[in-house]
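> As a plain string of letters, each chain reads:
There are 2 protein chains.
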Amino acid sequence: MTRKPLILVSNDDGVQAKGLKILARALKGLGRVIVVAPDQQRSACSHSITLHLPLRINKLAKDIYSVSGTPTDCIMLALNEILDEKPDLIVSGINHGPNIGDDVHYSGTVSAAYEGGIEGIPSIAMSLLFKNGKHFKSAAEFAKRVSKKVLKEGLPRGVILNVNVPDLPEKEILGYKITKQGKRNYGDIIVDKVDPKGRKYYWIGGDQNGFEDIPSSDCNAVREDYISITPLRVDITDKPTLKKLSSWNI
Amino acid sequence: MTRKPLILVSNDDGVQAKGLKILARALKGLGRVIVVAPDQQRSACSHSITLHLPLRINKLAKDIYSVSGTPTDCIMLALNEILDEKPDLIVSGINHGPNIGDDVHYSGTVSAAYEGGIEGIPSIAMSLLFKNGKHFKSAAEFAKRVSKKVLKEGLPRGVILNVNVPDLPEKEILGYKITKQGKRNYGDIIVDKVDPKGRKYYWIGGDQNGFEDIPSSDCNAVREDYISITPLRVDITDKPTLKKLSSWNI
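From first to last, the protein sequence lines stand for chains A and B. One gets the working numbering by counting positions in the first sequence from 1 and adding 882 to each. One gets the working numbering by counting positions in the second sequence from 1 and adding 882 to each.
Be aware that one or more of the hints could be misleading.
For identical chains, the list gives no copy identity; a pair is met inside one copy or between any two copies.
Within a straight-line C-alpha distance of at most 30 Å, the following computed DSBU-like cross-link-like pairs (lysine-lysine) qualify [claimed, not checked]:
#1 941 with 1125
#2 1059 with 1121
#3 1030 with 1125
#4 1013 with 1079
#5 1065 with 910
#6 1126 with 1065
#7 1065 with 1121
#8 1125 with 1019
#9 1026 with 1126
#10 968 with 941
#11 1016 with 1082
#12 910 with 1031
Derived by calculation from the structure, the hints in this document are not laboratory data.
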């Protein structure tokens, strides 16, 4: 008897997030799904690890666990403590909002998939653009299709997929494009205000200013109502610069 | 009159860290140095941004500021609020411990430099291996040399340098090597214990198990008592996989 694939699901919006629940449900047709996700919202926590505090694991239901840490903590604890065997696939998401362009460096959802990539496990990050957050179903259906393909074909070692889905009904999405990482313009991202005691404070997360127009980029694809699939690499050495630097005399 | 270069210095070990102070002092010969660093230790915080809390900036002395956030927060606030002009160079460190192989994804020190790379500013991450943390001076001297060269030559847009220095007196370091990102073996990284109430907890940061033997890698260079310089890229698209995926029918 062929063993059912083991699929680990995580996210950065937390174990109670709508996107996570819809994703886990959609993947159940493909194998055994185990959820290990943060106990609270952890957006923009990137690839951070909790080193200065102990972590707790809570079993919430059969095959559903929360961890008092970051998405990377979740994957580390899942692989080392919770699961008895290596998963065949890790899917992170569905993120409540896009992860395109430079977002990939800040995103906890992408980092959970990245941690899988570091461990040599085929991994996918799924994000839904967020006009009004209505169309998780479109992202979940595509998550199932792309997961099925990755379970069959595998991925090159050290490469993960970053998938972004427009917030549209399935029939209004024009298809998918294989893309490269684009570049967002973050604009005037810092808001500064004064607190009740008259002291200044700053809050990150102001305006976003669209993105650079780069053909074949993730940003362009989603703007044109296509799903974007970008392969991202764990080895981030810039090969062309290796040669340039070797002629430097430092 | 030629304007003096403006150099922004940050780290993830916090504004009081020895490595930061030695670095800032060493770079003063090259231009005006402004320090903007976290108010406390933020190791392994990766590229996280504080979105859920307001941030404070404290001016501690002339050209020295602390921020109640992560290294990425520091760079964002420095560029958008503290500095009047774009810096010519960002140097992050000197990290108390190596950032080699997959470390680059977890490190706050590397991420501060990365944020510079995202903003198109030549940026360098400096780390000292940590046998006993005695030889910050070796790293500071090399930081000065490599910074001088980068100020003169620039770096390709979207590329940063990740520099790791062995914890040895300068005369025992054999030179420097231009390297690619290697791969560490993290081994059995989770410690599990029981608290006074009998509940289990987990702590990340157990054994490190050496690294894979990869010629020309950062890990190999520092093991052989060389300084390692690795160019890292902001665009982490895996180009070879783009082609492979376009033949998939998802």
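> Hints the structure violates: just list their numbers, smallest first.
1, 4, 5 and 11
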